[in-house]
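**Q** Spelled out, the chains give:
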Amino acid sequence: MSRAKGEVSNAGTGAPDPRAAPGATGGYEAVIGLEVHAQLLTRSKIFCGCSTAFGAPPNSHACPVCLGMPGVLPVLNRRAVEYAVKVALATHCTVALSSIFARKNYFYPDLPKGYQISQYELPLATNGYLDIPLDGGGKRVGLQRIHLEEDAGKLLHETPGPYSLVDFNRSGVPLIEIVSQPDLRTPEEAGAYLRELRSILVYLEVCDGNMEEGSLRCDANVSLRPRGQAAFGVRSEVKNMNSFRNVERALEYEIARQEKVLRQGGTIVQETRLWDAARGVSVSMRGKEEAHDYRYFPEPDLLPLVLEQAWVDQVRASLPELPAEKRARFVGEYGLPPYDAQVLTSSKALANYFEECVRLYPKPKVVSNWVMGDVLRELKGDERGIEAAPVTPEHLARMLRLMDSGTISGKLAKTVFEEMWRSGDDPEEIVKRQGLVQVSDEGAIGPAVEAVLQAHPGEVEAYRGGNDKLLGFFVGQVMKATQGKANPQLVNEILLRKLRGG
Amino acid sequence: MRPGLDPVDLCDLTIHELHDRLARREVRAQELLQAVQERIRRVEGIVHAYVTQTLESAEVEAAAIDAHLARGEPLPPLAGIPVALKDIFCTEGVRTTCGSRILHPYVPPYDATVVARLKAQGVILLGKLNMDEFAMGSSTETSAFGVTRNPWNPEYIPGGSSGGSAAAVAAGECIASVGTDTGGSIRQPAACCGVVGLKPTYGRVSRYGMIAFASSLDQGGPITRDVTDAALVLQAIAGHDPLDFTSIPADVPDYVAALTGDARGVRIGLPREYFLEGLDPEVARAVREAVRVLEGLGATIAETSLPHTDYALAAYYIIAPAEASSNLARYDGVRYGHRGGPGALRQMYMRTRQEGFGSEVKRRIMLGTYALSAGYYEAYYRKAQQVRTLVRQDFEEAFRRFDVLATPTMPTPPFKLGEKLQDPLQMYLSDVYTIPVNLAGIPGLVLPCGFSADGLPIGLQLIGRPLDEATLLRVGHAFEQATDYHRRRPPLATGG
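Residue numbers (the numbering used here), protein chains in the order written: chain B, 1 to 502; chain Y, 1 to 496.
Derived coverage of chain B by chain Y (criterion: at least 3 residues anywhere in the stretch with Cβ under 8 Å from a Cβ of chain Y; other residues may be distant):
id: 1; region: 67-75
id: 2; region: 113-125
If we take Cβ atoms under 7 Å as the criterion, some of the chain B residues that face chain Y in the derived model are:
id: 3; residue: 64
id: 4; residue: 109
id: 5; residue: 293
id: 6; residue: 297
Derived by calculation from the structure, the hints in this document are not laboratory data.
Glycine included, every Cβ here is placed at the ideal spot set by N, Cα and C.
Build out the structure end to end from the sequences listed, making use of the hints.
**A** This is the structure we're talking about:
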């Protein structure tokens, strides 16, 4: 087996992708591979019993093992292995029944042992793929490998003196590294890949997917090649992109930078670059010459990680429905447009919310419109809040039934929904309390129509003279006079009758 | 009765002899402790076995044992026995140096599993014993805390790296010790000091809290006055430890019950590669004489071959330094121990390690770093691992026909202090017979089997199957029944 590090390799013969957006980089095509680090949601660290809870006072979740004291040894957390295997199976990888931990050696103050326990030659899983949804279709992106490793501590530079401080709470938190094949061609594809991957991790409940807090991190390998050329160009690695938006921006920047160099007849140098989100540029961190020699070798303190096929099968059987499967089912079972299915399955909680609403009110497209529109608007794009949404599926379904029965109009429904969100109350209660019941009684609407017509004799004459468009004006006036409670259908009918009848 | 035999001073007795006296309440633990302290006072200035002494806590522990006895409660086999440990085992609240300046002043916040198990037995911990820095050496001369001298002749090395342990046991400065063995560091000093040393099967004794030199080779084990004591100490420290992933989850047999006193039917092989040129004639004679004794005890003897022996030393000096270069990376001045600062990060790292490590440790870090470097890994590290497999297969093959292999421990009797310190290759060669056992991960027992013309001890090495320490102990114990080498004490101990 080759000793090439498990980073995205640009060696190989990836064929140019005919589906890549033409013209994006003129005569060049970008080749992108992503390395994603995901913190696993185990309660304890990967090699000791310390808590993984985020936000504790510095160094309060640290013990001799995760501080790298002399004489300590790692003990593997089985739950971390289970979570990693879940991700591997969900991304169609081959799970190795025997994999090996390795030491990655380098000096840094946040790395207490002077090496990181990772996996190198024989990782936990290899050779998977992810189907990512894209506008106008989708794409299959290969996964090179998934391996387990430990996180490092954190350096704090905001100190008063000429020193930095180290917080080892994060030291030893379990991570998986997920390395894609260099199959991505545009920043949009990279973004879609990352979102899909995040969605899978969150569906599996093995990672909280929070890029801002660093529980999901992404590095990118980028190179350009003339369109139609099979061989890859020289790549750069871009690090420090801590949001989906930043990944796309950094890739756009890097592609433009490399294209400019190539167009001016220059050559790309292999290097690692840091994305500076504030300035919107990336800067060179180290070149090929300064690249670390990590001196990987098998970790002698851990035996090979041996899994039983029966256990792997058990983990496979425990997998929940994954985003891609759910999307397909929403299209097939509920007849939703693919876009709706994608939005509604962006989180398991949102999908559950939708399905609960449909169970209670079996008109999927109507529910979809309300969930994608009003519900998501109230959540301000953060669909994770759905579990705490003040409007329960029962309330939403009941409100929709009130519309169907004609008790409230669509216009009133918006008001009721807002009030439900504000108060958390039952829609019928709100309708009653605020007197929002739609007036469908001709005896009540008739006099209002009569009053409006009498107040606007000129408009009545004009309508009768052939200006049909004025009907809308009269409806508006009647609704205004009834504070929106009149049944618009009925208002229309009465108006037409009276205007014709004179 | 011959002079020098049957010592009467308490601190020259064995664990089992002292246990009987304690249990019968002929001796109090505090009296025993006083006798050992008196011996330390008398000889430590010459031997220099200790790096750290814990006399105050030892007195408290001894008083507790006496109280326990006074209540008429049963006494565990090691309770009340004054024991000192190689300074490689982490001891909660007690300075642990690993023979290095770079750990100064490090006080571990936890006990090694070996230490916790000994404490649970009620041993009296006397302190921490000198060693080669990070266990890298065969003479205890690379310690940052001064050299330890051989109690049989202070001009000679006590062996290493557990030289402090072997010297202290020989000199009566403790009754028993636990050392560690990566390439011979229990067995070679045991041979040099005329005591018993047992390197158990890799994984038999927990490595948790034992400061790592080469993780795939390191193993802790007893250094004692006789084989019965080795069995008793092993009984206390052996067994699966959930804190050490490489510890073996196998039941621990009753080692003392294995000591039947005979060696009838045991098939003993003599690997011819261990008796070729380079072996001192005095050592060869003593080992062959010991084998004849075993034959007389009912063992069958035949020659055998371990054909890859020649390559073991070279493979070891790739694998051990490679692992060490990584294991010693944590001594960076950031969290504990010595810091060569102030200064920028890189400067701090360099000064810390420049000032903190001695030259042998630096040499091995450089060797190991090189062996793992990109472009050299295949040629060195991977090749060495392949050789390791061949060495292990040699032993597997031999153990199809033999129960035990008998060999010399060291090519020569102990050499003089300073003799090989400037010649690393010569120093490395003193472990040529012990290293293959570590590479194979199998147990090796060393016991005294003679003396050189200069009066320096010579050790017999018995090598066994994985997890078959019991057979080694049985054969060693049978040998002791027919000989008296294990009952001799150095002149220094007897006041001569």
